[in-house]
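Novice: Sequences listed follow chains W and B, in order.
Residues 1 to 479 (the working numbering) make up the first sequence, in order.
Residues 1 to 335 (the working numbering) make up the second sequence, in order.
Hints are computed from structural coordinates only; laboratory data are not their basis.
Hints should not be assumed to be uniformly reliable.
[To be verified] Partial list, computed: chain W residues near chain B (C-beta under 10 Å):
#, residue
1, Tyr77
2, Gly91
3, Gly401
4, Phe422
5, Val438
[Claimed, not checked] Capping the alpha-carbon separation at 30 Å, the derived lysine-lysine pairs in DSBU-like fashion look like this:
#, chain 1, residue 1, chain 2, residue 2
6, W, Lys435, B, Lys108
7, W, Lys435, B, Lys142
8, W, Lys435, B, Lys38
Glycine included, each C-beta is placed from N, C-alpha and C at the ideal position.
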Amino acid sequence: MFGLEALDLARIQFAFTISFHIIFPAITIGLASYLAVLEGLWLKTHEEVYRDLYHFWSKIFAVNFGMGVVSGLVMAYQFGTNWSAFSDFAGAVTGPLLTYEVLTAFFLEAGFLGVMLFGWNRVGPGLHFFSTLMVAVGTLISTFWILASNSWMHTPQGFEIIDGRVIPVDWFAVVFNPSFPYRLAHMSVAAFLATAFFVGASAAWHLLRGRDNPAIRKMLSMAMWMALLVAPIQAVIGDFHGLNTLQYQPAKIAAIEGHWENHGDEPTPLILFGWPDMDAEETRFKIEIPALGSLILTHSLDKQVPALKEFAKEDRPNSTIVFWTFRIMVGLGMLMIVTGLWGLWLRMRGRLFQSRPFLHLAVWMGPSGVIAILAGWYTTEIGRQPWVVYGLMRTADASSGHSFAQMSLTLVLFVVVYFALFGAGVSYVMRLVRKGPVTHEGKEEGAGGPGQKRTPARPLSAADEGFEEGHGDQLGERN
Amino acid sequence: MDFDLSLVWAAIIAFGVMMYVVMDGFDLGIGILFPFVKSEGERDVMMNTVAPVWDGNETWLVLGGAGLFGAFPLAYSVVLSALYLPLIFMLLGLIFRGVAFEFRFKAKAEKRHIWDKAFIGGSLTATFFQGVALGAYVDGFKVVDRVFVGGSLDWFTPFSLFCGLALIAAYALLGCTWLIMKTQGRLQRQMHDIARPLVFVVLGVTGIVSIWTPLAHSAIAERWFSMPNIFWLMPVPLLVLAATLALLRAIARNANYSPFLLTLTLIFLGYGGLGISLWPNIIPPSVSIWDAAAPPQSQSFMLVGALLIIPLILIYTAWSYYVFRGKVTEEDGYH
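Just chain B, same shape as in the assembly:
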């Protein structure tokens, strides 16, 4: 068939997951940064910067899950059952912070700290296990006859645990630069101060992951370092370095918008690098998107709805971010 439905669906799901990573990334990051900000008023501001959008952000995760189920049932069944515990922990963390988010605003002042802790704990748990799941995904799964045959703790490796920590750093940086963009005064200065050390932490963990991955997986090393790939792919690490330098400079000159945009660039590059490493596998190390695909009848049936509705969702999302543009201050009420 000329029209490669599996490719289209892989692109849609990759796009959905990326939307999720980018958008829930900064609001998870705000939960991670919460312990560094003690004032209740400033915590209110932090939450208010994401309040109008956070639940829409999470919906991309639901769409990613359902889309994977319909378009690549094999990947859905193998990957999700192999990552059973980290995913359940992640979901529980997300539920926790979602509910904490809402009820913090509705709780009495003296009880608010309970919901604060739930928000911090939920954000950290969700992020850490998302990173763990990602690391375990890169490590790959043992599959025999379309069934995951590994152990229930296969995901529990030094590499995946490190990825969990790395993602906490990355989301913290996203959250930090988001707050630089959306706030002013003391809170913004505080974020400026945290941003620089955070960039170095993120650069460090990215470096370690980038070296660790090809060392542990010869196929990924082959992908990056063989001829002529190395020339084509060299721009990726170079761009990472360039973006990092620009980010440090932007922070140094107290810029408002560019730190966040440059952090987004870094996340895109990391996500792209991951795609390059794994392509075309949807169940690493060996099941490709075409092997795992649902029959074309299923993929085309779903595509009709997706092509109708996803653009509308995007327009609406863009509009709601536009409406809530600008700085959030303590005088702003809760959203």
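Excised from the complex, chain W in its bound form:
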């Protein structure tokens, strides 16, 4: 069917489940830090908007965290069920790193998350702030471990191979492998930006509907400061990440650029758009700018960028896909920068909260960060192909070798179940967003606690909003 083999289905299945999963942790990472900032500002200034925003976003954070935990359950097993040859080959390195990630997340949920979500009125402000900070730091530590594992698969080092299996020799070298610092910075900042645009879009949506209060304004204002200051920083980090990739995975860069061959001593042009054709070994319909490729990637006008034809056919990643996923990511990044600049211009003229064209743009940019993250991950992961561990193990040799029938069945099940359940989850988050921050929200006495009627304790029970519009009262009665 469609010329797909069992291996392709295995890859699609992994891509599907992890794409769904990554959305939740990315927003979790961003919101955790945002909440820490909000609480810090509240403690410092005692302006009520910060407390209101804290309570509003902590509910969304909680639901999102819960979704991340549930979708993460599958990830802990998929390496073994679907990629058993990889697990046996590289498990001694990637397994412990994954365990650390799980332990960190586990630890968070066990300890500080409960205080953060349910302890506002039960512990002192200092301890509560400390808990929020720990959750924020913890999400970043979790990111640290999982990206160490992923980066090692891109730029492996600190190991030796004995009996056909990887043995770690130097854990420091394993963790701090060459692509790790760039990937960690790029992904963490991407999570912050994705969250900022999500927050900004929520505010713009309310402003466009005439709902205007200091908390909503503050949301938009903070989001646009983030866009203005952090989106350009992300471009710089991305540039460094690209240079690192050029050094360690030149074939990926050649594929991203759709660059097939170098002519003489000519500097490499930059292909803006085109359609890389893997069979014809050329990029069709291309629009290119001379020498710009060399300028961006080598920061010089005479050095050349490696070309795809320098690599054996079976060692080339699929240029058609990564060429475009990369451009989607970069394009969205540029739009983010533009949004930030436009926001600054409007702010200086005092029209940030009134300009309808701008607010519409901000709403449309809401999912931009998440889409950019997915596009970026497709670029780096598909660009690593045909290797699962770069230069050491091919993806084709990594799978469990399940039959086509099995893979199709499970893939269909995953797609159906994920869309139904996480679709419900995402629409619930959107419902919370639509409700918007309420003034004096944080002032109410928190319900529950030992001996109280309602004692929430899980992430998802932090949000007591009903599942559908218009039955809040009914639910209030039940609780």
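Take the given structure of chain W and dock chain B to it, following the hints.
Specialist: Just chain B now, with coordinates in the frame of chain W:
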């Protein structure tokens, strides 16, 4: 090396899986018992008895999976790929009931029945395939050159399917006695009524599994019935009988706490019996924990984190159960 890292890790993973079985067992059991309780108010109470703890329970499963990956990559790769379909079905069932659990409370009253069904279906699916996976695990896997070489439906045997049903009965009993402990009034009486027949069902299926296993596997028969093992191991079945009798008596005298504690004892004994049957293999019938172990560099690296964090998790878990001690009533709001 004096310090046997593989043994330590096997113990940690066995402990994690046991925590999972014990703790997710009773909350899966509540989903299994849901069809027997029709009143929405009582269903709310049933869910509320586990609401504060269920997601923490499931995290042990994640830890078990990740720990196995790091400490015994060979076992992780062989066992998980051999049990591909049952494990995927189990995970999907768990996701289903996890999400249903949350959204049931947030749904409109007239739509709540949809989430009820998802909760029941997810719990049954997850439990059944957990049992199937367990049965197939005991049956063992064909391994050549560190790769599973059996068929994709090798797990589909009468024995493993029976184990699936047996686990449904066992988790139902755990859930039932948990509810006896955590509820009162009509719901508790209803559970009292179900408990006695459930004990006989569980005793029956345990008996069948205990006879079927050594009959099908001579090595396991050897382990239990050879001299002098039989003397050392005799206490296990005797304790099972003693615990069952005590359980029946406790149910007869309408006890609150002891039925659950005695059911836990039964589960421990069953789990211990399984360990005795399989030891020291991590991929039955022939790959031991030492054969499947990651290099000591990996195991010791992970151990640092595990020894720091697992005790903290245990303290927190104990604390959260302590906070939610006592009976749950319909007047209690949702947690």
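Novice: For the restraint on W/Val438, tell me whether the closest CB of chain B is nearer than 10 Å.
Specialist: Given a least distance of 18 Å, the restraint on W/Val438 is violated.
Novice: Between W/Lys435 and B/Lys142, does the CA-CA distance stay at or below 30 Å?
Specialist: 56 Å, violated
Novice: Does W/Gly91 pass the interface check with chain B, least Cβ-Cβ distance below 10 Å?
Specialist: 2 Å, holds
Novice: Take the shortest C-beta to C-beta distance between W/Gly401 and chain B; is it under 10 Å?
Specialist: Hint on W/Gly401: holds, closest Cβ of chain B at ~8 Å, below 10 Å.
Novice: For the hint on W/Phe422, does the least C-beta distance to chain B fall short of 10 Å?
Specialist: 8 Å, holds
Novice: Within a Cα-Cα threshold of 30 Å, do W/Lys435 and B/Lys108 meet the stated pairing?
Specialist: 17 Å, holds
Novice: With a cut-off of 30 Å on the C-alpha distance, tell me whether W/Lys435 and B/Lys38 pass.
Specialist: Between W/Lys435 and B/Lys38 the Cα gap is close to 34 Å, so the pair fails against 30 Å, i.e. violated.
Novice: Quick check on W/Tyr77 please, does its C-beta sit within 10 Å of some C-beta on chain B?
Specialist: 5 Å, holds
Checked against the numbered hints listed earlier, the structure breaks hints 5, 7 and 8; every other hint is satisfied.
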